[in-house]
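Line by line, the protein sequences give chains A and B. 0 is the number of the first residue of the first sequence in numbering that gives the first Met the number 0; add one for each residue after it. 0 is the number of the first residue of the second sequence in numbering that gives the first Met the number 0; add one for each residue after it.
Do not take every clue at face value.
Which copy? The list can't say, so a pair holds if one copy fits it or any two copies do.
Stated by the list, open to error - Okay, derived cross-link-like pairs now, PhoX-like style, lysine-lysine, Cα gap no bigger than 20 Å in a straight line:
hint, residue 1, residue 2
1, 11, 271
2, 262, 340
3, 142, 11
4, 262, 252
5, 216, 340
6, 9, 340
7, 216, 316
8, 2, 143
9, 216, 302
10, 316, 337
11, 9, 262
Simulated from the structure, these hints should not be mistaken for laboratory data. Predicted model only: the values in this text are computed from it and were never measured.
There are 2 protein chains.
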Amino acid sequence: MAKLNPSFSKLKSEYLFSTIERKLSDVKKNFTSTRFLNFSIGDIALPLAPAIVKALCDAAEEMGTKQGLQGYPPTFGYPFLRAAIAEQEYRGLCIESDEIYISDGINSDAVNILDLLHPASQVGFLSPTYPAYLNSYLMSGRKKSLLIPCTEEQGFIPEPPKEHCDVLYLCTPNNPTGVAMTRSQLQAFVTYALEHEALLFIDSAYSCFVTSPDVPKSIYEIPGAHTCAIEWKSFSKSHGFTGLRCAYSVIPKTLKARLQGKKVAIHPLWEKRQAIKFNGVAYPIQKAAYAGLMPEGRAQTEKQVRTYLSCARQFKKGLLDLEQRCYGGVDAPYLWWKTPKEMSAWQFFDFLLEQCHLIAMPGIGFGPHGEGYVRLSTFSSEEEISLALDRLTTKVSPCILL
Amino acid sequence: MAKLNPSFSKLKSEYLFSTIERKLSDVKKNFTSTRFLNFSIGDIALPLAPAIVKALCDAAEEMGTKQGLQGYPPTFGYPFLRAAIAEQEYRGLCIESDEIYISDGINSDAVNILDLLHPASQVGFLSPTYPAYLNSYLMSGRKKSLLIPCTEEQGFIPEPPKEHCDVLYLCTPNNPTGVAMTRSQLQAFVTYALEHEALLFIDSAYSCFVTSPDVPKSIYEIPGAHTCAIEWKSFSKSHGFTGLRCAYSVIPKTLKARLQGKKVAIHPLWEKRQAIKFNGVAYPIQKAAYAGLMPEGRAQTEKQVRTYLSCARQFKKGLLDLEQRCYGGVDAPYLWWKTPKEMSAWQFFDFLLEQCHLIAMPGIGFGPHGEGYVRLSTFSSEEEISLALDRLTTKVSPCILL
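Let the hints inform the model, and build the full structure from the sequences given.
Right, dumping it as structure tokens:
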């Protein structure tokens, strides 16, 4: 009988979302008229910007004409979008448009890049971090992995490991902690990578939220990064594209690694991988992304980003006023909240759900070092957050929380 | 230094398209006012149907409102689309909506399914066939493969191999030969699969073009298929979606294989794979696909399919009138043309390009058994094909062709 990939046995079942759903539905039965406030999902809360809606419609109508017919998109993305990204997002950073590869999401890029790695590579992952990197790594049957802890003592900032790694996945501003790495902290990883001839995979999904002056918005602001780093960025959070699916990889031509003993550029392998396994992103989606980079779309979407950041500040201030230990929220729309009274992540999740009708994300879903925390997403509104803080302040005695 | 996947060395460089481009550009220099007719690419030639354009615009506008906000799509597809496919495409075939998984293309599904297979699986591939299956298999580092020839003597219909395979990739109606398998021919493969406890992966990208009464439009018309077959279908050719990207996998719940000695259903593994590695298809694209299944969109797109088929008939008749050996074109928009005078595929490509200013696809791009053939795509127009046949008939002496 046909045999299946044994690595699937190593993957934890995705209890997280189904458990949240089950617990929520149980509690809702007893509170049928209560408004539940959901801060668990990192998904947009504002409608698509008008300039993006218009671009989608225009592209669709264009495709309905003989002159505007569009078939298979170019595998690496339309030149108009690649050029606009190089010009708008990488001005002065020495990234050319043909070093930018359009995709349907960072999630895809971050897991698909594994196709390029030697099976025996030693790969380092942050803990806590976005779980798809490690899960797809385990699914591929690879075994040599290293967890790099991000603890409260370190301010949740990772340090380059003492051990050798061939590849390191970083996520900054980090999901779930909401903490971003400064220039010097990133420089330490670039220095590590150059010393170890390692590759850095940088998930910059949240770079549009960066407000701290010493936090780079791109790894390519760091000297040396062009020879060791791949960066992923997305339109999901910067332009409200979670429901549209558009992101990109940046693979500088100067980035090299060893293929059967020979030092070779990496981008031709990615191009081959994509040519064989991917057929590109829909034309209207790429036109919409382009519109988001132009002045009108940029102004509209930057306003959305400021709204989410303002929610983060409001929520964080409220929690700090309640004397909570709460991190992030400055350069990212996430708060990382230490559970009070040594509660586990799930115990605190239950407490917030049952007592305040708030839904948080248990930190344990992001790796072992997420235990003892919950993540709050601030893709929300001032009104929702005020309501949440009211409940936390008035309905729940602060002494329970401390 | 970080090491790359050595399997990339085994992949042939993609000379095909770049060679075609180079040859075309060389010839064009000497014929600046000539109209070149391109039959090489299997891509749509008609604009998006009005009902699909409207659905795209409506969805975009909906997403621009507070009530119509759409974030991350469901990983497996929106229930409205999965239900419509089950109802419209699988009526009476015992396929439920939750056995249908929406994706961005058959290419993605056909290569991603490899994640589920045991590394030591023996996998059979047709020759000639769509090259992504084998290329992605080689990229994954797997080695146990078997080529199943489709020769002129067999009418390009494959036969179940004598050897054991754990998995067989079939493509029917076939790209590139344009030949489709009948009920009894498919039954032979289902019988093989049941005897060998093997899995069948059926690429049905061109099923909407089937006109022969004894050719099934779905593998699930064959008894036993629900316990051995995964089927892939796409909106690309049936609904003009190559520029929009929407397709689906059908994985019946009754489909099982062995995971570490235990017989298990396959669909939970696919669900896990997709949950980790894929974030779903854009909302407007799924709404557009849905519109294509409703009466108005269906009528408009079925007319497009009839146009492409009528082109195929016209072209085939013209070639047969010129006493050429030419196959396909009845159940698919492809013609498979035996090169005259024992020319190689590339020699005949050059002849057609230089003498008739026609661009064909050299059959060798689809595997070793494609040598000695070219593929003509009939995503075209009556006018273009008349012009092509005129050139073949009058400008080129028929004696050269024979």
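Against the structure, the hints:
With identical chains, the CA atoms of residue 11 and residue 271 are at most 20 Å apart between copies only, with a shortest distance of 10 Å across copies and 32 Å within one. In this homomeric assembly, residue 262 and residue 340 never come within 20 Å of each other (Cα to Cα): the closest approach is 53 Å inside a single copy and 45 Å across copies. For the homomeric pair residue 142 and residue 11, the shortest alpha-carbon distance inside one copy (15 Å) is at most 20 Å, but the shortest distance between copies (29 Å) is not. With identical chains, the CA atoms of residue 262 and residue 252 are at most 20 Å apart within one copy only, with a shortest distance of 13 Å there and 46 Å across copies.
Taking the closest pair of Cα atoms, residue 216 and residue 340 never come within 20 Å of each other, the shortest separation being 36 Å inside a single copy and 62 Å across copies. In the homo-oligomer, the alpha carbons of residue 9 and residue 340 never lie at most 20 Å apart, since the shortest distance is 33 Å inside one protomer and 57 Å across protomers. When the C-alpha separation of residue 216 and residue 316 is checked against a cutoff of 20 Å, the pair qualifies neither within a copy, at 25 Å, nor between copies, at 61 Å. In this assembly of identical chains, residue 2 and residue 143 lie within 20 Å of each other by CA distance solely across copies; the values are 14 Å between and 24 Å within a copy.
Taking the shortest Cα distances, residue 216 and residue 302 sit within 20 Å of each other inside one copy (18 Å), while across copies they are farther apart (50 Å). Taking CA atoms no more than 20 Å apart as the test, residue 316 paired with residue 337 passes inside one copy only; the shortest distance there is 15 Å, against 75 Å between copies. Taking identical chains as interchangeable, the C-alpha atoms of residue 9 and residue 262 lie at most 20 Å apart only when they sit on different chains, with a minimum of 17 Å there against 34 Å within one chain.
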